[in-house]
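Colleague: The residues making up each chain are set out below.
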Amino acid sequence: MDPSCQQYFDAIPCYLTVQDRDFRILRANRRFREAFGAHEGRFCYQVYKQRAEKCEVCPVERSFGDGEGHRSEERVTCLDGREVSVIVYTEPIRDEQGHIVSVMEMSTDITDIKKLEAQLRRSQARYRTLFEEVPCYISIQDRDLNIIDANRLHREAFGTFLGCKCFEVYKHRSEECYPCSVRQTFDDGEMRVHEEVVTSRQGRMMNVLVHTTPIVGPSGIDAVMEMSADITAVRELQSQLASIGLLISSISHGLKGLLNGLNGGMYLVNKGLASGDQARVVKGWDIVQRNVERIRAMVLEILYYAKDREPDWKPLVASAVIDDVLQQMADRAREAGIACTADVDPGAGEFEGDEMAIRALLINLCENSLDACRLDRKKPSHTVTLRAHGDEGHVRFVIEDNGVGMERETREKAFSLFFSSKGSEGTGLGLFVSNKIAKAHGGSIDIASEVDVGTRFTVTLPRVRLAPATDRQVLQTATRTRTSPDTVPGTGSPG
Amino acid sequence: MSAKKTILIIDDEPDTLTYFSSLLEDNGYATVTAENGAQALERVKEARPDLVTLDISMPETSGVRCYRELREHEEWRAIPIIIVTGISEDFRTFISSRKHVPPPDGYLSKPIDEPEFLAMVTRLLAKPVR
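Protein chains in written order, with numbering that gives the first Met the number 0: chain A, 0 to 494; chain B, 0 to 129.
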């Protein structure tokens with residue numbers, strides 16, 4: 000070899016050899032010699048891999064065979080025992096007649112690149128694990144809002160819908176949400192945080208706190224990552240705290256009114272006693288008794304609200320329950336000049352229930368009816384009628400009045416917590432508690448009402464107690480009524 | 000001897016109406032009562048009261064609406080109004096902060112303090128008509 004060629008040959012920064020058809024190394028550069036030692040008389044596979052025979056796949060052999068250059072990746076072992084990853088290029092060398100006489104093999108050390116690649120793979124696996132197992136829902140969306148990746152929790156909650164639109168999967172909508180924070184993040188590259196209500200594939204509504212983050216590639220934002228944390232429990236707790244706040248406010252308002260009434264009664268009693276006016280004493284004492292009774296009823300309502308009770312199941316006779324309720328209501332009805340009657344069908348029979356709770360339920364409804372009659376100025380006389388009848392599976396109690404009746408809105412919100420149409424007299428607990436008791440017994444309350452005509456409450460209860468597991472579900476359902484969207488607390492008057 | 004001053008008591012609670020009318024009549028005033036906002040406006044027309052005590056939480060026409068109607072009416076806006084309610088003290092701040100409606104002349108929480116109530120009535124009735 001020409002000395003100047005040898006100089007260039009030696010200076011090339013890779014392992015360079017020229018091999019014959021038997022893979023014998025004819026020539027090698029300085030870098031090769033430094034790493035692998037003397038080559039004279041040795042075969043390529045001996046030097047690089049300490050093998051006794053040629054490799055199964057050999058790029059040199061292929062170049063001899065087809066006259067083309069070839070590429071492969073190999074691991075070779077240096078003199079000092081160090082393993083080196085190399086990328087191998089071969090090129091045939093031809094004589095003047097064009098016959099291939101040898102093949103040049105250039106092997107570049109890519110050990111560092113291989114190490115980096117391995118690190119990258121480990122890192123990717125680590126981030127994939129993090130992505131999969133992080134306790135929030137993660138999806139990656141493209142510019143068309145298609146979900147192109149999603150983590151395990153997301154797949155479990157929303158199903159595997161890669162390629163589907165995020166608004167279809169999260170909200171079962173057919174159109175894009177407005178505003179769409181994913182689109183906004185695509186537009187300006189800014190992270191965004193907002194709250195959403197989404198629906199899982201099992202139909203569960205969830206409050207989620209959503210973060211959107213751009214995923215930036217060499218040519219700009221490739222995708223947007225949407226991370227959603229389930230904060231339903233937080234919102235439910237918040238709602239319960241708000242309910243407690245409203246309850247305290249409602250009780251406080253109710254008690255202030257009742258204390259004012261008690262003061263009024265005491266004032267009349269004292270003045271009557273001082274002046275010897277017996278009529279005034281009686282009038283005042285009636286007011287005191289009435290307000291004490293109302294405070295007692297309010298305390299009972301609060302107790303029923305405060306605790307989810309398992310009904311204390313006992314066999315009950317419908318006619319006896321009606322008699323009991325009628326007896327309790329008689330004085331109030333008489334004072335208000337309202338006729339209170341009962342009509343019990345012999346078929347009403349027996350049923351199982353919590354005696355105290357059923358009585359409280361029916362008294363609440365009767366008091367509501369008495370109030371509706373008292374507020375009505377348009378009819379000369381008023382009647383509240385209690386009925387009981389039943390069929391094989393159910394007993395029904397009907398409380399009917401010819402009072403003021405309810406507007407549609409009042410009727411729809413009647414069982415909502417803290418909703419009251421009765422001004423300072425209502426705490427908004429009575430009908431809520433009644434409904435809760437009916438549901439805890441596996442029953443229901445229906446309202447039929449017309450303004451200026453009257454109202455009919457129908458309480459339907461199963462004759463036989465529910466199985467314990469179902470009981471618990473029903474009690475939970477009754478409890479959830481507090482926070483369901485159509486019974487948002489605070490819809491009542493300010494009290 | 001001058002005619003008795005007339006006070007209109009507006010409250011949906013019958014016991015409160017009985018209480019306030021007895022208390023005020025015992026102290027030399029004439030009283031008329033109304034159980035709701037709509038009835039109250041009728042009573043104002045009929046009785047032309049010198050002072051009004053007004054509950055806030057009432058069915059149908061609420062005390063807030065009744066207050067606004069009294070204040071916006073040319074003839075009635077000079078009648079002193081004492082709000083007597085069981086709802087939170089926050090309401091006092093709320094009603095006093097309304098820009099387009101003047102604040103109430105008096106504000107008392109239930110249960111009332113009788114001497115304070117009577118002193119407020121006396122003071123407001125002694126004021127020259129605005």
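Think of the hints as simulated: they come from the structure by calculation, not from any bench. Treat each hint with caution, since some may be false.
Unchecked claim - Just a few of them, taken from the derived set where beta-carbon distance is under 10 Å, the chain B residues facing chain A:
| no. | residue |
| --- | --- |
| 1 | E12 |
| 2 | T15 |
| 3 | T32 |
| 4 | H72 |
| 5 | E74 |
| 6 | I78 |
| 7 | I81 |
| 8 | S108 |
Claimed, not checked - Computed list of chain B residues with no C-beta within reach of chain A, every gap over 12 Å:
| no. | residue |
| --- | --- |
| 9 | N35 |
| 10 | E45 |
| 11 | R70 |
| 12 | G85 |
| 13 | V100 |
| 14 | I111 |
What the hints assert, rightly or not - Below, a list of computed lysine-lysine pairs in the DSS-like style, where the Cα atoms sit at most 25 Å apart:
| no. | chain 1 | residue 1 | chain 2 | residue 2 |
| --- | --- | --- | --- | --- |
| 15 | A | K270 | B | K4 |
| 16 | A | K114 | A | K170 |
| 17 | B | K44 | B | K3 |
| 18 | B | K126 | B | K3 |
| 19 | B | K4 | B | K44 |
| 20 | A | K114 | A | K164 |
| 21 | A | K377 | B | K4 |
| 22 | A | K270 | B | K126 |
| 23 | A | K255 | A | K270 |
All C-beta atoms in this analysis are idealised placements derived from N, C-alpha and C, irrespective of residue type, glycine included.
Colleague: Under the criterion that the straight-line Cα-Cα distance not exceed 25 Å, is the pair K114(A), K164(A) satisfied?
Modeller: violated, 39 Å
Colleague: Double-check T15(B) for me: the hint is only fine if its C-beta lies closer than 10 Å to a C-beta in chain A.
Modeller: With a minimum Cβ separation of about 6 Å from chain A (threshold 10 Å), the hint on T15(B) holds.
Colleague: Would the stated hint for S108(B) survive a check requiring a Cβ distance to chain A of less than 10 Å?
Modeller: Holds - the Cβ of S108(B) comes within 10 Å of chain A, reaching about 7 Å at its closest.
Colleague: Against chain A, with CB atoms and a cut of 10 Å, does the hint on I78(B) hold up?
Modeller: violated, 22 Å
Colleague: Answer holds if the nearest beta-carbon of chain A is closer than 10 Å to that of T32(B); otherwise answer violated.
Modeller: Where the cut-off is 10 Å and the nearest Cβ of chain A is about 13 Å from T32(B), the hint is violated.
Colleague: I81(B) was flagged as interface toward chain A. Is the shortest Cβ-Cβ separation under 10 Å?
Modeller: Where the cut-off is 10 Å and the nearest Cβ of chain A is about 14 Å from I81(B), the hint is violated.
Colleague: Holds or violated: are the alpha carbons of K270(A) and K4(B) at most 25 Å from each other?
Modeller: holds, 22 Å
Colleague: What's the verdict on K114(A) and K170(A), does the C-alpha distance respect the 25 Å limit or exceed it?
Modeller: violated, 45 Å
Colleague: The hint names E12(B) as touching chain A; please verify it with the least Cβ-Cβ distance against 10 Å.
Modeller: Holds, because the Cβ-Cβ distance from E12(B) to chain A comes to roughly 6 Å (cut-off 10 Å).
Colleague: When you check the alpha-carbon spacing of K126(B) and K3(B), does it fall within 25 Å?
Modeller: holds, 16 Å
Colleague: Taking 12 Å as the cut and beta carbons as the points, is E45(B) off the interface with chain A?
Modeller: holds, 16 Å
Colleague: Evaluate the condition: distance from the CB of G85(B) to the nearest CB of chain A exceeds 12 Å.
Modeller: violated, 3 Å
The structure does not agree with the numbered hints 3, 4, 5, 6, 7, 9, 12, 14, 16, 20, 21 and 22 stated previously, though it agrees with the rest.
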